[in-house]
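Work the whole structure out from these sequences, hints included.
So the chains spell out like this:
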Amino acid sequence: MTKFKSTLSRRSVLAGMAAGVSALAMPAILPSRAFAATPGSNPGKYKLDLGGYTGPELSSAPITLKIMRQEYPPETNEVMNAIYAKFSAAYPNITIQEERVPYGDLPTKVQVYVASGQAPDIMMGRNDFASAYAAGQLTLPLQQFLSADFIADVYAPLRESATIDGNLVCLPWETNPVYMAFNRDIFDKLGIKPPPEVAEYDGGWTVEEYMQCFDDVTKALRASGDQQTFALAASGYGNGGPGSNYTQLESIWVRMMGDPNAEKGSSAYNTFMGVSEDGFTATGYVNTPEAAKGMANYKAVFTNGYTPTGVVPDQFRGGAAAITFSGTGTVKRFLKTGQPFNFGMSPAPKGTIAYTTTVADSPIIWSGTPYPAETAALLAFICNDENRFAFHDAWGSMPVRKTLVDALPEYATDQRLTLGTNVADHAFGPPKSVGWFDYFSAINPAVKDIALGADPQGRLDQVATQIDGLLAKYK
Amino acid sequence: MRIPGFSVNPTRRGELAIGPLMVIPAAAGLGVFWIWPLIVAIMNSFRGFNPFTHRPTGWAGFANYQQILADPAFQSAFWISLVYMVLMIVVIVPLALVLAILLDKRMPGTVLARAAILAALASSEAVAALMWNQLYQPSSGLFDAIFRALGMPTQPFLTDGNLAIVAIVIMTAWKDVGLPMLIFLGGLQAIPPHLFEAASMDGANRWRKFWRITLPLMRPSIVLSLFMTTIAAARLFTPIQILTSGGPNGQTSNLAYFSYAQAFLFNSPGQAAASVVVMLLMLVVITVIQGLALRGKRGAS
Chain A
0 MTKFKSTLSR RSVLAGMAAG VSALAMPAIL PSRAFAATPG SNPGKYKLDL
50 GGYTGPELSS APITLKIMRQ EYPPETNEVM NAIYAKFSAA YPNITIQEER
100 VPYGDLPTKV QVYVASGQAP DIMMGRNDFA SAYAAGQLTL PLQQFLSADF
150 IADVYAPLRE SATIDGNLVC LPWETNPVYM AFNRDIFDKL GIKPPPEVAE
200 YDGGWTVEEY MQCFDDVTKA LRASGDQQTF ALAASGYGNG GPGSNYTQLE
250 SIWVRMMGDP NAEKGSSAYN TFMGVSEDGF TATGYVNTPE AAKGMANYKA
300 VFTNGYTPTG VVPDQFRGGA AAITFSGTGT VKRFLKTGQP FNFGMSPAPK
350 GTIAYTTTVA DSPIIWSGTP YPAETAALLA FICNDENRFA FHDAWGSMPV
400 RKTLVDALPE YATDQRLTLG TNVADHAFGP PKSVGWFDYF SAINPAVKDI
450 ALGADPQGRL DQVATQIDGL LAKYK
Chain B
0 MRIPGFSVNP TRRGELAIGP LMVIPAAAGL GVFWIWPLIV AIMNSFRGFN
50 PFTHRPTGWA GFANYQQILA DPAFQSAFWI SLVYMVLMIV VIVPLALVLA
100 ILLDKRMPGT VLARAAILAA LASSEAVAAL MWNQLYQPSS GLFDAIFRAL
150 GMPTQPFLTD GNLAIVAIVI MTAWKDVGLP MLIFLGGLQA IPPHLFEAAS
200 MDGANRWRKF WRITLPLMRP SIVLSLFMTT IAAARLFTPI QILTSGGPNG
250 QTSNLAYFSY AQAFLFNSPG QAAASVVVML LMLVVITVIQ GLALRGKRGA
300 S
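Read top to bottom, the protein sequences are chains A and B. The first sequence lines up with residues 0 to 474 when you count with numbering that gives the first Met the number 0. The second sequence lines up with residues 0 to 300 when you count with numbering that gives the first Met the number 0.
No false leads were mixed into what you were given.
In silico SDA-like pairs for lysine to any residue, Cα to Cα no more than 20 Å straight-line:
hint, chain 1, residue 1, chain 2, residue 2
1, A, Lys472, B, Gln65
2, A, Lys349, A, Gly202
3, A, Lys472, B, Phe45
4, A, Lys472, B, Tyr259
5, A, Lys85, A, Glu97
6, A, Lys108, B, Arg54
7, A, Lys46, A, Ala89
8, A, Lys108, B, Asn49
9, A, Lys472, B, Phe61
10, A, Lys472, B, Leu68
11, A, Lys472, B, Pro71
12, A, Lys474, B, Trp58
Hints are computed from structural coordinates only; laboratory data are not their basis.
Here is the structure:
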């Protein structure tokens with residue numbers, strides 16, 4: 000990769016001056032310190048249970064730490080606020096400021112902050128952007144602050160997707176492995192066989208069987224006079240609707256048609272890969288015949304009226320759709336708040352392989368933070384066992400650490416959750432490219448166009464060329 | 000040369016001193032919010048940038064311009080920008096004039112109608128776009144519901160390239176027609192009534208009075224409205240972002256949206272700046288042509 004050389008500019012001069020002032024002040028603010036903890040759980044080593052944190056004791060100087068994350072429901076926000084309050088009570092010299100933004104805007108927000116040179120200390124990132132974080136040196140490697148045991152506890156697919164060249168560039172903190180939720184009441188009412196309720200990640204229907212099911216359900220609903228209920232719910236990922244979040248959702252339709260065990264360089268292998276090994280080429284990967292076939296299936300669910308063509312918030316929860324792509328979040332929330340209807344869970348559609356992706360909200364620590372230890376400690380505190388249990392209980396997402404899952408009996412006893420753990424174990428990380436943000440930004444509109452009628456092969460060819468052009472600047 | 004016995008009026012002297020001071024805030028604002036950003040954009044259009052941090056990496060010459068000019072998406076956005084300008088002028092200016100003429104009369108409901116139009120003008124562009132997004136939704140929107148009720152096929156308002164542009168223009172016309180309407184109302188009310196009275200005495204009908212008196216005397220208002228509508232069309236962004244995100248297949252993306260995408264979606268701030276500069280140049284050229292055309296027409300009359 001070409002090394003970027005900095006040049007003098009007004010901003011860089013001002014930034015340099017600020018850095019100089021900060022450096023002059025650093026000795027006073029951050030006295031020298033020694034590591035005060037050993038790897039692993041650290042009860043008694045710090046003022047709080049800082050989870051996997053292994054860094055030095057925190058400074059006693061006045062510090063303000065800034066966090067940017069997505070908006071959660073009020074109950075979950077209360078949990079987060081309680082966590083901050085505990086941390087601040089133990090370290091009253093540390094003030095926590097939080098900014099909450101809509102989920103779909105997070106990647107752009109991170110980008111804008113990084114460009115400004117004054118980013119929050121902790122920002123909500125995602126593991127699919129890990130390569131970009133690493134290549135741009137945007138984040139602090141977390142393994143220098145977290146114990147190996149703590150890191151090893153994260154589900155392997157998530158951990159591997161967040162690790163670039165041995166550096167943990169972001170910390171997966173929750174996951175919702177994608178599989179299917181279905182409304183048993185609708186299926187019973189229509190007299191149609193629902194998807195299989197199995198615990199094995201690869202025990203579900205093929206994509207053809209799901210398409211047949213969508214068709215049967217749609218025809219039965221319309222025949223009964225129901226014009227409002229759909230077979231498949233509108234996507235609730237990202238900002239919703241078609242082309243909402245390729246990494247987490249629409250890529251399933253494509254990559255399931257590929258095969259990671261096929262001969263390297265073959266069309267099936269490249270379909271699964273999604274991008275070249277060096278991360279700079281999409282042509283021949285995103286636009287293979289297998290990918291086009293997968294997108295043709297995706298297109299069919301819209302053009303055949305199996306799913307709405309727009310955004311329909313809470314469609315599945317509202318009982319207006321028979322099936323939805325979902326995950327443990329749906330199960331946990333339904334169980335917690337009372338099931339709005341009888342529901343079941345089943346693996347995602349299978350193509351050549353049983354594929355689902357593992358995308359996790361993954362906080363990053365900005366590499367420019369003047370308080371790396373304090374920031375890492377706060378993040379580790381948020382992720383300690385007690386706080387994670389409280390968070391997951393409120394929000395409903397699945398823990399990323401196996402020991403936490405093992406401590407929750409429902410994940411072993413409830414098929415709907417057991418399936419989630421098995422999917423998490425066998426999920427695949429997203430394609431790795433330093434330009435994934437560009438790739439993601441380009442592919443989503445293309446997927447939407449296909450959903451709304453564009454020719455899959457033609458549109459994929461077009462976007463592949465576009466992505467190649469976009470990725471060129473990273474070489 | 001100072002004339003003996005003559006001195007500058009103290010009031011005049013005060014005005015000469017205070018006047019420039021009063022201009023300074025406006026000039027400063029113009030400099031900070033328009034001139035300086037423009038200078039920065041021009042400078043950035045000649046720079047390379049780190050795609051991760053968006054920090055300048057050095058002089059890039061005309062590379063950014065070469066890249067955008069070769070980009071099919073930019074080429075498309077350029078022409079679509081022109082389409083928006085034409086459509087918005089064709090829709091908004093005549094509509095505003097008609098509304099102004101109608102609402103200039105004292106009739107029942109005039110006040111309410113004026114208030115409604117001005118309320119739309121005062122509303123947030125984002126809020127208006129979100130509202131119209133709901134109206135255009137194929138399964139739950141009002142427009143398609145009406146079509147279904149009438150036994151007509153539903154229309155892909157936001158998912159067909161041609162229809163989507165029209166949908167955006169209609170939404171924008173609904174929201175923005177109020178300002179040119181106000182301009183036209185002012186122009187109408189500035190026309191001396193005795194001209195119409197004299198024309199009536201000469202036997203002129205309503206149409207002839209409009210064509211011979213109203214329209215010529217409204218020329219300044221028309222010129223102003225044309226310029227304002229052109230500028231508004233060139234910088235149209237929020238409805239595009241909310242209704243279509245530039246789709247389908249880039250068919251509703253104009254230069255403003257293209258610039259946004261380059262900067263915030265594709266990590267290319269240099270190309271974004273170049274696109275902004277091209278957009279500005281296009282706008283300058285168009286307004287100059289408009290000015291010359293209107294001046295030529297005025298000279299002929």
